[in-house]
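Chemist: All chains should be modelled from the sequences, with the hints used to inform the complete structure.
Listed below, chain by chain, are the residues.
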Amino acid sequence: MDKATILTWLEAVKDPEIPVLSLVDLGVIRDVVIDESGRVTVKMTPTFSGCPAMDYMQRDVVQTLQAHGIAEVTTEMSFEEPWDTNMVSDKGREALKNFGLAPPPTYQGILDLDILEYAQCPHCNSHNTELRTPFGATLCRSMHYCNDCRQLFEQFKPV
Amino acid sequence: MNTDALKDLLYRLADDQLILGHRNSEWNGLGPILEEDIAFSSMAQDKLGHSLQLYTLLHQLGEAEPDTVAFTRNAPQFHCAQLVELPIGEYDFSLIRHFLYDHAEILRFEALSHSSYEPLAQVARKLKGELKYHTLHANTWIKQLGSSTEEAIERLQNSLNYTLPYALGLFEKTAAEAEIISEGIFVGEDEIKAHWQENITKVLSQTALDIPDLATLTPVYGGRVGQHTEYLQPLLDEMAEVFRVDPTAEW
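So the sequence lines, in the order shown, correspond to chains A and B.
Residues 1 to 159 (the working numbering) make up the first sequence, in order.
Residues 1 to 251 (the working numbering) make up the second sequence, in order.
Possibly wrong hints are sitting among the right ones.
[As the list claims (entries may be wrong)] Using C-beta positions, here's what the derived DEER-type ranges look like: (1) A:G69 - B:E90: 57 to 63 Å; (2) A:L113 - B:Q227: 34 to 40 Å; (3) A:G69 - B:Y231: 52 to 58 Å; (4) A:D112 - B:E241: 41 to 47 Å; (5) B:P234 - A:D114: 39 to 45 Å; (6) A:T106 - B:G184: 31 to 37 Å; (7) B:G29 - A:T41: 51 to 57 Å; (8) A:E11 - B:R244: 42 to 48 Å; (9) A:K91 - B:L30: 39 to 45 Å; (10) A:E11 - B:Q227: 51 to 57 Å; (11) A:N128 - B:K202: 27 to 33 Å; (12) B:E241 - A:A67: 37 to 43 Å.
What the hints contain is simulated information worked out from the structure, not anything from laboratory work.
We treat Cβ as the ideally placed atom computed from N, Cα and C, and that holds for glycine.
Modeler: Right, here's the structure in full:
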């Protein structure tokens, strides 16, 4: 048992609200530490501070590793390295797009208002879109309208 | 580090978030349009999450569990500004309050992200990213409605005039002010208030609304030292009703 194997197992743990996205690709799982006695600590960071799915995520991580025979698993939530959407992997972005949810645009340094309002349509790839409301069905989604294919779509909003 | 001064600051931050979070949640099912119903509910969820993080910091400093702190105190033990406890009223009032409050809050957490108290700085770095959406939302509606029909402009103007003295109460200093500044925990209320005034003026000047001369207004103080309006205790009673039925219940 090593860290790489555990990370592969954790690929099976998906975001409860976006079932195509693994917690590893979401960037919520920051590290895996195995001590000498085989005890595993999974270091995690919350996406949104009020996200109700964080408890489920921790429970799913523990259950998944226990199913692989690891007796002692704990999760550790920390803000030390605060989560932002730049932590979503390329594979995660691809999964979001296939799910019909626009991936969060990556940004350098400070997140400004232009980026919050920007979205690329996941259906026709158009940039000719407008923000309808920054608050969608879940805390992590905003709602946009595509002026080209005339569809309302959601984006995993950048934070 | 002066722990009492730090706790005083954390209680102010946490109580503001908790109480306004609950007020915002009262729009659930009542919003003027579905999107606004969702927006206020989402912001309520954020604010309750923020209060949880701040009460957790207090717990780490020796205070009771977050739920106990949130649900078992009475009004005089709360440190929230009176602004956040006022009933939701009509949509124009709730929108103006949200605009004035969130502009202050984002500056506060931006400053706190450089706090000498590292656990607070970590929480602040996280929260400020989320608060960007709150100010973006408020600005959008203020700009749209503040330059639309006569009725919208008049309603917003009345609400602005009514709300501003309460909003100034957000910057009420307590006895610990000098210490939290000298210890590098927080830059202090005056600095936040100056930036806040600049920022809200920038947005309001793009509308048909008049900005009253803030220097002539008398701020509504008292909330930071436990003096509250008649509206807080009934809100707390309602908020804590389920918790108080069985405080040891497991969910």
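Chemist: Tell me, in ascending order, the numbers of any earlier hints that this structure violates.
Modeler: 7
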